[in-house]
Amino acid sequence: MKFKTFIWFVGPSLFLMLLFIAAPLVSVFLDSFRITQPVVQTVETETCSAGFLQQTCTTTINTVPVIDEETGRVVTTTEWVGWLSYERVLEPRRAWDAIRSFDYNGLMQIDFWAALRFTVMFTLVTLPLVIGVGLAIALAVNNAAKSLRGPIIFVSLLPFIITPVIGSLSIYWLFVGDGILTRGLEAWLDRDIAMFAQAWTIELLMLFYRVWHVAPFAFVIFYAGLQTVNQDTLESAIIDGASRWDRLRYVIIPHLMPLIVFIALIHLMDSYRVFDEIVGFRAQAYVISLQWLTFDFLAADDAGNRAFSRASASAMLTMIGIVILLIPLLRRTWRDHKGGSH
Amino acid sequence: MFAKRLALAGAVSLAATAAYADGHATCSFENETEVTMLSAAFEAWVAVTDAMVACGNFEPELDQEFRTKQPEGFAANPSLYQLGGVSNGTITPLLNAGTIRPLDDLIEAYGENLTPNQLIQIDGQTMAVAMMVNTQHMMYRSDIFADLGLEIPTTWEDVLAAAAAIQEAGVVDYPLGATMASGWNLAQDFNNMFVGFGGTFVNDDNTPNVNSEAGLAALDMMMRMTEYMDPEFLVSDSTYVQQQFQQGRIAMANLWASRAAAMNNAEESQVVGLIATSAAPLAMEGGAPATTLWWDGIVVAANISDAEAENAFRLAMEGINPATVEAAPDAAIWLIPGYEPNDMSAGAIATATANPAPPSYPSTTQMGLMHTALGNELAAFFTGDVSAEEALAAVEASYTVAAQEAGLLE
Chain L
8 MKFKTFIWFV GPSLFLMLLF IAAPLVSVFL DSFRITQPVV QTVETETCSA GFLQQTCTTT
68 INTVPVIDEE TGRVVTTTEW VGWLSYERVL EPRRAWDAIR SFDYNGLMQI DFWAALRFTV
128 MFTLVTLPLV IGVGLAIALA VNNAAKSLRG PIIFVSLLPF IITPVIGSLS IYWLFVGDGI
188 LTRGLEAWLD RDIAMFAQAW TIELLMLFYR VWHVAPFAFV IFYAGLQTVN QDTLESAIID
248 GASRWDRLRY VIIPHLMPLI VFIALIHLMD SYRVFDEIVG FRAQAYVISL QWLTFDFLAA
308 DDAGNRAFSR ASASAMLTMI GIVILLIPLL RRTWRDHKGG SH
Chain S
69 MFAKRLALAG AVSLAATAAY ADGHATCSFE NETEVTMLSA AFEAWVAVTD AMVACGNFEP
129 ELDQEFRTKQ PEGFAANPSL YQLGGVSNGT ITPLLNAGTI RPLDDLIEAY GENLTPNQLI
189 QIDGQTMAVA MMVNTQHMMY RSDIFADLGL EIPTTWEDVL AAAAAIQEAG VVDYPLGATM
249 ASGWNLAQDF NNMFVGFGGT FVNDDNTPNV NSEAGLAALD MMMRMTEYMD PEFLVSDSTY
309 VQQQFQQGRI AMANLWASRA AAMNNAEESQ VVGLIATSAA PLAMEGGAPA TTLWWDGIVV
369 AANISDAEAE NAFRLAMEGI NPATVEAAPD AAIWLIPGYE PNDMSAGAIA TATANPAPPS
429 YPSTTQMGLM HTALGNELAA FFTGDVSAEE ALAAVEASYT VAAQEAGLLE
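Quick mapping for you: the protein sequence lines, in order, are chains L and S.
In terms of the numbering used here, the first sequence opens at residue 8 and continues consecutively.
In terms of the numbering used here, the second sequence opens at residue 69 and continues consecutively.
Here are some of the chain L residues that sit facing chain S, going by a computed Cβ distance under 7 Å:
id : residue
1  : C55
2  : S56
3  : N69
4  : P72
5  : A307
Hints were generated in silico from the structure; no laboratory data involved.
Glycine residues also receive a C-beta, built at the ideal position from the N, C-alpha and C atoms.
Just need the whole structure built from these sequences, with the hints factored in.
See below:
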């Protein structure tokens with residue numbers, strides 16, 4: 008293809024990618040190195056507020072932002088602060104002290120490291136489960152009678168259709184307090200159960216929910232892949248005396264390998280940004296994720312301030328984490344790609 | 069048969085809705101322009117906005133997440149909402165950003181029903197009109213207390229003793245409930261106990277002051293409370309505690325006065341007539357009740373035209389006039405003329421009139437930052453990950469960073 012034609016084809020998408028991916032990324036990158044803060048003044052204010060019977064007035068020294076008379080907006084200053092926001096997020100000195108003295112609990116008291124611990128654990132545990140369960144459903148459907156396939160596919164796809172935050176809320180309501188499933192478990196095991204009173208049960212529910220939610224996606228891809236397995240190879244394998252397991256191991260899985268890598272890539276990117284589960288399960292007292300940490304910095308506090316700078320730093324760190332996780336898979340794809348072009 | 073019954077039920081509910089609307093169709097002011105309002109979602113706001121809807125062209129948005137939506141909504145130009153429902157906690161960001169307007173002229177013109185007590189004044193300018201007061205106070209199952217021959221607790225030590233007796237008797241799942249959901253609620257419960265032990269949150273130079281004797285005493289008391297509570301207390305917000313009461317699962321809690329009316333709502337409560345209220349317990353002898361006083365009221369956006377503001381204010385006055393109190397006398401402890409205290413408000417009144425009286429929740433930037441820091445860091449103490457000292461040190465560290473970013477500290 009001529010270079011000019013090529014540019015005409017990819018130009019629009021390149022432009023949109025620059026506008027919507029590269030530009031925001033650069034702006035977040037810059038924001039993580041500067042802090043915008045309001046200019047404040049200390050004033051003595053008399054506040055009269057409603058009491059039950061009569062007004063009560065108190066005079067307090069209050070620090071309030073200066074408001075520009077003309078525009079009606081708060082006056083702010085922006086400063087370049089170097090790595091300050093990263094230091095505030097990572098707390099390297101405290102973290103290093105904790106690591107040096109083998110104080111795991113101390114390290115987990117720093118939000119970022121606690122979030123990183125959960126996020127990485129969540130990503131790495133759900134990955135094999137999603138691929139395994141997806142493949143198992145695909146094989147089961149592929150071996151089911153033709154007349155049953157349609158309904159089975161439909162039912163297995165349902166979890167994937169549900170909006171993640173709604174799905175996690177449903178699980179939360181099934182288990183919180185005297186939820187219907189907690190009641191059921193209590194009756195069955197004959198003991199008091201509180202699923203949201205300790206971290207490990209919450210994490211277990213989150214893992215379960217994510218696998219339940221994403222496995223159908225893996226299933227659909229694998230099912231499509233199974234339709235392209237070379238039947239001749241399979242038949243000759245049967246003639247050679249290969250068992251069902253051997254056929255899976257030496258014929259089907261190698262054939263599906265590119266798809267497994269593809270699903271692993273997508274899943275790593277998705278689950279490293281785990282967020283809905285934390286919000287849906289109201290889990291922030293016990294478990295937080297990196298994406299939730301960024302959200303928490305961005306959310307206005309009770310004085311109306313947002314920690315944009317720390318949020319930017321935390322977002323950049325999340326991105327770096329995803330890239331590190333993806334490197335082995337990307338290297339493999341790159342190698343295959345190069346090998347294929349010979 | 070089933071379809072017929074369903075149709076009948078539909079007809080009945082339609083009739084009920086019509087009757088309900090009739091009861092509120094008393095608006096004396098025909099509203100011509102579109103007005104929107106964002107407020108919290110508890111019963112008092114439902115009553116007020118219902119009255120305003122009767123005037124036409126009014127769209128209320130009742131949302132418990134209003135706290136996070138309001139500052140941005142009002143900062144837009146023109147403002148996304150003409151009216152806002154705020155409390156002394158949530159007015160702070162609006163005051164700081166200057167997105168609400170002084171109301172003195174409008175009150176002079178249209179506020180003939182207002183009493184001086186309803187005017188929230190900052191340096192002599194009225195920035196909000198309060199309609200009700202709110203506080204967290206003791207609610208308890210009077211039947212259980214009578215059956216077991218227990219005294220009504222006046223201090224938190226009494227509460228724990230009563231909780232132990234109720235636990236012993238095994239009449240409810242958990243003797244005690246508390247609004248200790250991590251985040252805002254947990255921080256507010258700490259605030260109550262902290263002021264009860266005589267603590268002050270910040271020093272005059274804006275440095276934090278919670279890692280103190282009062283702070284340790286407050287955390288210790290709260291930890292002792294959790295022994296008698298549902299182990300899932302870190303997800304237990306006001307609605308959760310209200311439902312625990314309504315379903316007969318707890319026997320007492322220090323809960324918002326605005327939730328009292330729901331206890332006698334026969335549609336959702338199994339304990340109608342069994343809940344009584346009393347003053348918030350003392351944390352220490354001779355101290356004030358361990359709670360803070362709140363008001364809820366209406367503000368008008370700054371980023372709208374004067375004509376719109378005038379119209380919106382007149383509509384708001386329809387919402388908080390005596391007719392609303394008449395329609396929903398038990399929904400709140402109204403500041404509006406015509407309110408008669410009932411049995412359920414006894415606890416709030418006893419709390420507010422105690423001597424020494426509990427402080428009002430301060431509407432300051434420092435308090436806003438401190439509240440958020442407390443909400444984020446205290447949960448680790450209740451999950452058992454850190455000691456009380458470590459948790460309070462973490463609160464102070466978190467407050468300090470936030471205060472530095474907000475320009476309050478160097």
